[in-house]
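Protein chains in written order, with the working numbering: chain S, 1 to 252; chain Y, 1 to 270.
These are calculated hints, taken from the structure and not from any lab test.
Idealized CB from N, CA, C, for every residue including glycine.
You may find that some hints are simply not true.
[As the list claims (entries may be wrong)] Pairs of lysine to any residue residues, derived as SDA-like cross-links and limited to a Cα-Cα distance of at most 25 Å, are as follows:
no. : chain 1 : residue 1 : chain 2 : residue 2
1   : S       : Lys103    : Y       : Trp170
2   : S       : Lys103    : S       : Ser93
3   : S       : Lys103    : Y       : Leu176
4   : S       : Lys103    : S       : Arg184
5   : S       : Lys103    : S       : Ala64
6   : S       : Lys103    : Y       : Arg174
7   : S       : Lys103    : Y       : Leu173
8   : S       : Lys103    : S       : Trp89
9   : S       : Lys103    : Y       : Asn157
10  : S       : Lys103    : S       : Leu179
11  : S       : Lys103    : Y       : Ile229
12  : S       : Lys103    : Y       : Ile172
13  : S       : Lys103    : S       : Ala90
14  : S       : Lys103    : Y       : Arg169
15  : S       : Lys103    : Y       : His175
16  : S       : Lys103    : S       : Gly75
17  : S       : Lys103    : Y       : Ile244
18  : S       : Lys103    : Y       : Leu5
19  : S       : Lys103    : S       : Pro152
20  : S       : Lys103    : Y       : Asp251
21  : S       : Lys103    : Y       : Tyr165
22  : S       : Lys103    : S       : Arg113
23  : S       : Lys103    : S       : Ser63
24  : S       : Lys103    : Y       : Ala21
25  : S       : Lys103    : Y       : Phe162
[To be verified] Not the full set, but computed from the structure, chain Y residues with beta-carbon under 8 Å of chain S:
no. : residue
26  : Tyr103
27  : Asp155
28  : Leu158
29  : Ala160
30  : Leu161
31  : Phe162
32  : Arg163
33  : Gly166
34  : Ala167
35  : Gln171
36  : Pro179
37  : Val198
38  : His260
39  : Trp261
This is what each chain is made of:
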Amino acid sequence: MQVLEPAPLLSLAGIVKVFRDGTRALDGVSLDVAEGAFVSLLGPSGCGKSTLLRIIAGLAEPSAGTIEGGQGLTGQIGFVFQEPTLMPWATVSENVYLPLRIKGRPRAEVEGRIARTLEGLGLRGFERAYPRQLSGGMRMRVSIARALVTSPRLLLLDEPFAALDEITRFRLNEDLLRLWQEQRWTVIFVTHSVFESVFLASRVVVMTQRPGRISADLPIALPYPREGALRTAPDYMALCRTVSARLGEAMA
Amino acid sequence: MNGALRQVFSNRWFRVLAPAAVGMLFLCGWEGIVRWYEIPPYILPSPVLVGETLWTDGGSLVGSLWITLRVTAVAFASAVILGVLIAVLFSQSRLLETSLFPYAIALQVTPVVSIAPLIIVWTRGDYFLALLICAWIVAFFPVVANTTLGLRSVDRNLAALFRLYGASRWQILRHLQLPTALPFFLAGARISGGLALVGVVVSEFVAETGGAETGLAARILEASYRLEIAREMAALVLLSLSGITIYFVLDGISRLLLSHWHESVLPADD
Numbered sequence: 001m002q003v004l005e006p007a008p009l010l011s012l013a014g015i016v017k018v019f020r021d022g023t024r025a026l027d028g029v030s031l032d033v034a035e036g037a038f039v040s041l042l043g044p045s046g047c048g049k050s051t052l053l054r055i056i057a058g059l060a061e062p063s064a065g066t067i068e069g070g071q072g073l074t075g076q077i078g079f080v081f082q083e084p085t086l087m088p089w090a091t092v093s094e095n096v097y098l099p100l101r102i103k104g105r106p107r108a109e110v111e112g113r114i115a116r117t118l119e120g121l122g123l124r125g126f127e128r129a130y131p132r133q134l135s136g137g138m139r140m141r142v143s144i145a146r147a148l149v150t151s152p153r154l155l156l157l158d159e160p161f162a163a164l165d166e167i168t169r170f171r172l173n174e175d176l177l178r179l180w181q182e183q184r185w186t187v188i189f190v191t192h193s194v195f196e197s198v199f200l201a202s203r204v205v206v207m208t209q210r211p212g213r214i215s216a217d218l219p220i221a222l223p224y225p226r227e228g229a230l231r232t233a234p235d236y237m238a239l240c241r242t243v244s245a246r247l248g249e250a251m252a
Numbered sequence: 001m002n003g004a005l006r007q008v009f010s011n012r013w014f015r016v017l018a019p020a021a022v023g024m025l026f027l028c029g030w031e032g033i034v035r036w037y038e039i040p041p042y043i044l045p046s047p048v049l050v051g052e053t054l055w056t057d058g059g060s061l062v063g064s065l066w067i068t069l070r071v072t073a074v075a076f077a078s079a080v081i082l083g084v085l086i087a088v089l090f091s092q093s094r095l096l097e098t099s100l101f102p103y104a105i106a107l108q109v110t111p112v113v114s115i116a117p118l119i120i121v122w123t124r125g126d127y128f129l130a131l132l133i134c135a136w137i138v139a140f141f142p143v144v145a146n147t148t149l150g151l152r153s154v155d156r157n158l159a160a161l162f163r164l165y166g167a168s169r170w171q172i173l174r175h176l177q178l179p180t181a182l183p184f185f186l187a188g189a190r191i192s193g194g195l196a197l198v199g200v201v202v203s204e205f206v207a208e209t210g211g212a213e214t215g216l217a218a219r220i221l222e223a224s225y226r227l228e229i230a231r232e233m234a235a236l237v238l239l240s241l242s243g244i245t246i247y248f249v250l251d252g253i254s255r256l257l258l259s260h261w262h263e264s265v266l267p268a269d270d
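So that you can see chain S by itself, here it is in the shape it has in the complex (with noise of 0.2 Å):
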């Protein structure tokens, strides 16, 4: 007896991405998301996960295939790039309230939303700050919560905390997953760190070096809440292990 699935939230079928000097970046990449999932794209760079990321937001166009977003995303997807991407000349708050803004919503009557966001990602204080006055870390967290104060279904992450020391970015991935428990956004995190898939991700898909196809789709079976005493534990290592044997073959 087949089981009926949810349709899934996202779904790409045979994704073909050729850039304007010929380059091959994706080669028919096919992937269905479901609602509420965590979901890491792993690969060596060049791989292409930054391109398909932008595809799936609809910042770029796909050469060929299909995506067929849920009950449309416009409007509900969360970007945060591998910079913070912040406007240096506004401050912490009003970078927040960005994305409500131009949807004009006026800033009293959301007022209460950006501080409960800012409050969420341990930015309460730092409301009147400017981005340089803030460090690596802390200039994130803002980028982060600029995504979320929208409470988006579908939440993209290019990289995010690649520059950041292991300290911070330990710690921002745990407070990642514990917003994701509470909010369940459907989230794409895309990443070269076989250790932040595997603790981050309920789903981890391995995609090849240029083209970027593909390789391998491994289901995380490690029980939520992740905390950090989960570093150091051996079903943790033996995942990590196995990923990075595909990620080799996937290199290879």
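Please build the complex by placing chain Y on the supplied structure of chain S, with the hints as guidance.
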């Protein structure tokens, strides 16, 4: 350089006193040479004589300075307003920019002295208007060029984010392009303020009105015909003080507007 010396060099007082000392030395040398060789004042007046002339003729010179500065201010203001408007139009339409930018450059590279006589003819002797147009031609280009560059220098990812949230052209201009362009614009405005003064003075030289209401440059010319070199120099002092003041006022405004966020005005790291 050792630490103590570096501290002396970065001291505020040092930065005021060092140029002041150079100025004093220069003036003393000048005074000494004039006295020693007994140079007549119609060739080179001594600084003391220039100072005295400034004191006695100051009132009438300031009246002329006021006329010059008024034209400068209006020319600068219209260079800023029209310059920003033109830059915004350029940033909204590649077609407009491509077809008009070469003419803006042509206007900029043609020496204003050579166009001034034409403009004086066309304005039919409206002295104020002629000076205004000449000064505007000199002053508007730095604003247009810098602001256009600034409007195009937006962070690509921020622009992508605006698109992701479905921002309109107006929202992108207002919340992304204009703030990005602000430091570029201010750098252009600082140059343009000085140029506006230069433009007015140059066209006053060309205009040579016989009327009563003349600017400082006309007074300089008049003084030099009469070999009143001390008065000419007193006028020059006023003129360069005005230029310096314009620069510092614009620099102050620029610092004020960028104080919170821009690298150029942040204190150095220790």
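Status of the hints after comparison with the structure:
1. Under the criterion of a C-alpha separation no larger than 25 Å, the hint pairing Lys103(S) with Trp170(Y) is consistent with the structure, at around 13 Å.
2. For the proposed pair Lys103(S) and Ser93(S), the alpha carbon gap of about 16 Å is at most 25 Å, so the pair holds.
3. Only pairs whose Cα atoms come within 25 Å are accepted, and Lys103(S) paired with Leu176(Y) is accepted, the gap being roughly 15 Å.
4. A C-alpha spacing of about 23 Å is found between Lys103(S) and Arg184(S), which places the hinted pair at or below 25 Å, so the restraint holds.
5. Note on Lys103(S) and Ala64(S): the hinted pairing is violated, with a Cα-Cα distance of about 31 Å set against a maximum of 25 Å.
6. Proximity of Lys103(S) to Arg174(Y) is assessed by CA-CA distance (about 14 Å); at most 25 Å being required, the pair is judged to hold.
7. Using a Cα cut-off of 25 Å, the hinted pair Lys103(S) and Leu173(Y) holds, with the two alpha carbons roughly 15 Å apart.
8. The straight-line distance between the Cα atoms of Lys103(S) and Trp89(S) is roughly 20 Å, inside the 25 Å bound, and the hint therefore holds.
9. For the proposed pair Lys103(S) and Asn157(Y), the alpha carbon gap of about 19 Å is at most 25 Å, so the pair holds.
10. Between the alpha carbons of Lys103(S) and Leu179(S) the distance comes to roughly 24 Å, so the proposed pair stays at or under 25 Å and holds.
11. The suggested pairing of Lys103(S) with Ile229(Y) is violated, with an alpha-carbon distance near 67 Å, which exceeds 25 Å.
12. The straight-line distance between the Cα atoms of Lys103(S) and Ile172(Y) is roughly 12 Å, inside the 25 Å bound, and the hint therefore holds.
13. With a CA separation close to 18 Å, the supplied pair Lys103(S) and Ala90(S) stays within the 25 Å bound.
14. Note on Lys103(S) and Arg169(Y): the hinted pairing holds, with a Cα-Cα distance of about 13 Å set against a maximum of 25 Å.
15. A distance of roughly 13 Å separates the Cα atoms of Lys103(S) and His175(Y); the hinted pair therefore holds under the 25 Å criterion.
16. With a C-alpha separation of about 9 Å, the suggested pair Lys103(S) and Gly75(S) falls inside the 25 Å cut-off, and the hint holds.
17. For the given pair, Lys103(S) sits about 46 Å from Ile244(Y) by alpha-carbon distance, which is inconsistent with the 25 Å threshold.
18. With a CA separation close to 56 Å, the supplied pair Lys103(S) and Leu5(Y) exceeds the 25 Å bound.
19. Between Lys103(S) and Pro152(S) the alpha-carbon distance is near 13 Å, which keeps this suggested pair within the 25 Å criterion.
20. At most 25 Å may separate the alpha-carbon atoms for a hinted pair to count; Lys103(S) and Asp251(Y) exceed this at roughly 36 Å.
21. At most 25 Å may separate the alpha-carbon atoms for a hinted pair to count; Lys103(S) and Tyr165(Y) meet this at roughly 7 Å.
22. Between Lys103(S) and Arg113(S) the CA atoms are separated by roughly 14 Å; this keeps the pair inside 25 Å, and the hint holds.
23. Note on Lys103(S) and Ser63(S): the hinted pairing is violated, with a Cα-Cα distance of about 30 Å set against a maximum of 25 Å.
24. A C-alpha spacing of about 59 Å is found between Lys103(S) and Ala21(Y), which places the hinted pair above 25 Å, so the restraint is violated.
25. The straight-line distance between the Cα atoms of Lys103(S) and Phe162(Y) is roughly 10 Å, inside the 25 Å bound, and the hint therefore holds.
26. Here the hint on Tyr103(Y) is broken, as its CB sits about 32 Å from the closest CB of chain S, past 8 Å.
27. Interface hint at Asp155(Y): satisfied, since its Cβ lies 6 Å from the closest Cβ of chain S, which is below the 8 Å cut-off.
28. At about 6 Å, the closest approach between the beta carbon of Leu158(Y) and any beta carbon in chain S falls short of 8 Å, and the interface hint on this residue holds.
29. A hinted interface residue such as Ala160(Y) counts as satisfied when its beta carbon comes closer than 8 Å to some beta carbon of chain S; here the least separation is about 5 Å, so the hint holds.
30. Because the smallest distance between the Cβ of Leu161(Y) and any Cβ of chain S comes to about 7 Å, under 8 Å, the interface hint for this residue holds.
31. The interface hint given for Phe162(Y) holds, since its Cβ lies 7 Å from the closest Cβ of chain S, which is under the 8 Å cut-off.
32. Restraint check, Arg163(Y) versus chain S: the minimum CB separation of about 7 Å is within 8 Å; hint holds.
33. Interface hint status for Gly166(Y): upheld, as the beta-carbon distance to the closest one in chain S is roughly 6 Å, under 8 Å.
34. A distance limit of 8 Å between C-beta atoms decides the matter here; for Ala167(Y) the minimum to chain S is near 5 Å, and the interface restraint holds.
35. With a least beta-carbon distance of about 6 Å to chain S, the hint placing Gln171(Y) at the interface is held under the 8 Å criterion.
36. Hint status for Pro179(Y) relative to chain S: holds, with the closest Cβ pair at about 5 Å, below 8 Å.
37. Proximity of Val198(Y) to chain S is violated relative to the hint, the smallest CB-CB distance being about 32 Å (cut-off 8 Å).
38. Hint on His260(Y) holds. Least Cβ distance to chain S is approximately 5 Å, under the 8 Å limit.
39. Annotation: Trp261(Y) was flagged as interfacial toward chain S, and the flag holds, the nearest CB pair being 5 Å apart, inside 8 Å.
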